[in-house]
Amino acid sequence: MKITKFFSLMLAAALVAVGCEPTGKPDVPSTTGAITLEAPVSIELGQSITFTVMQEGQDVTAAATIYETAGFTAVENPYTPTTTGTFSFYATKGKESSAIISVTVMASVPVLPEDQYPDSTKFNHRVLLVDHTGLNCGNCPRVMDGLEALAKTDAHAHYSEACVHGGGYAPSGSDKAYSDAAKIVDSYYRPSGYPNIQFNFRAGQGDIGNVSSFVSNNTKIINSLVKAEGADAGIAAAVSGDQTAVYVSIAVKAAVEQEYRLTAWLLENNIYNPGQAGASKDSHKIHQHALRNIAGAYSRNDISGDSIGVIAAGEVKEHSFELPIISNKWVVDNMEVLVIVSAPNKNGQFDVVNTAVCPINSTIGYEYL
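Numbering (the working numbering), first residue to last: 1285 to 1653.
No lab work stands behind these hints: they were computed from the structure. No residue lacks a Cβ here, since even glycine has one placed at the ideal position from N, Cα and C. Treat the hints with caution; some may be incorrect.
[Said to hold, decoys possible] With a cut-off of at most 27 angstroms between alpha-carbon atoms, the simulated DSS-like pairs for lysine-lysine come out as follows: (1) 1630 with 1406; (2) 1511 with 1601; (3) 1569 with 1436.
[Claimed, not checked] Ranges of calculated distance between the beta carbons of each label pair, as one might list FRET restraints: (4) 1527 with 1561: 30 to 36 angstroms; (5) 1558 with 1329: 38 to 44 angstroms; (6) 1360 with 1406: 44 to 50 angstroms; (7) 1357 with 1324: 16 to 22 angstroms; (8) 1366 with 1422: 47 to 53 angstroms.
Whenever a hint applies, use it, and build me the whole structure from the sequences.
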């Protein structure tokens, strides 16, 4: 009996010891269904990314695994990138997988300006004006004169301009304003000839006549597209850059609750193109607002950029991009970033709802009415 009692006590002690053994994992809610992965949109190089996985409103990070899409390899949480760039991640928990999110790692994160009127959602509306042009386009200097004249009118407060050297009249070997990004954008718009003016992503073609006709007719188009009562969303931005990349922090403040997409176009000014066909004065050989690179998702079929989700009226969503300097012939000091925000139109197709331009190493606040 004493031996039996001894072994019973030993077994009880062992069970207590096993029951008190730490598992190494915190308690995780017993939730099911879709999961979402959360992380900061941007960090400075040397900082760590801390991921959070949510399921049914509960934090289930401890039970999830984080993967980087490059190689689909698991990463630690927190994770510290060793280079700048845009990194994509997703999470898994059991059979559930999250949507892919992106985090931009910058040499330095540009700081957004303070919102001067946090209670306001009345924003000036600027449409997108795209000039399809090129070195070998003999009629393009006429449009250059038109753009210069249009910029001196009141209409200039309601559009942002980008010049696309990417079509057949912009040979990559000799047109100094050519870029691969411009070629993609040219393919998206499919201009019927050159020069060619397009508005927004889907608003159609503008006038390319003489200066008087150009200014008059394009002003009418701009006025027909602008929402006088205010744009659907406002834009604030901060831009910094060096010889390797341009970095942009963006805040989108909604006046209308809907899904928004965001892209940023890197533009360069004062590009000297000495062989410009049809040039009759020196200014025709100097190209402005030439598209160099694009941030966010884009293709020949869709240039609307990254979805930043549904934003409620009065709320703000921040996003960041890195725009690499691909060529050592690009002059960073002459650059600016064109921010384009789009939303679904009545046909469910994403079209531009507002634009803003921020010069290199500068900031711009929301442009209130």
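For each hint, the structure was consulted:
1. With a C-alpha separation of about 22 angstroms, the suggested pairing of residue 1630 with residue 1406 holds against the 27 angstroms cut-off.
2. Straight-line distance between C-alpha atoms of residue 1511 and residue 1601 comes to about 22 angstroms, which keeps the hinted pair within the 27 angstroms bound.
3. The suggested pairing of residue 1569 with residue 1436 holds, with an alpha-carbon distance near 20 angstroms, which does not exceed 27 angstroms.
4. In this structure the hint that residue 1527 and residue 1561 lie 30 to 36 angstroms apart at CB holds, the actual value being about 32 angstroms.
5. Taken as a hint, the range 38 to 44 angstroms holds for the pair residue 1558 and residue 1329, whose Cβ atoms sit roughly 39 angstroms apart.
6. The given range of 44 to 50 angstroms is respected by residue 1360 and residue 1406, whose C-beta atoms sit roughly 45 angstroms from each other.
7. Roughly 21 angstroms separates the CB atoms of residue 1357 and residue 1324, a value that falls within the hinted 16 to 22 angstroms.
8. A beta carbon spacing of about 50 angstroms between residue 1366 and residue 1422 agrees with the range 47 to 53 angstroms that was offered as a hint.
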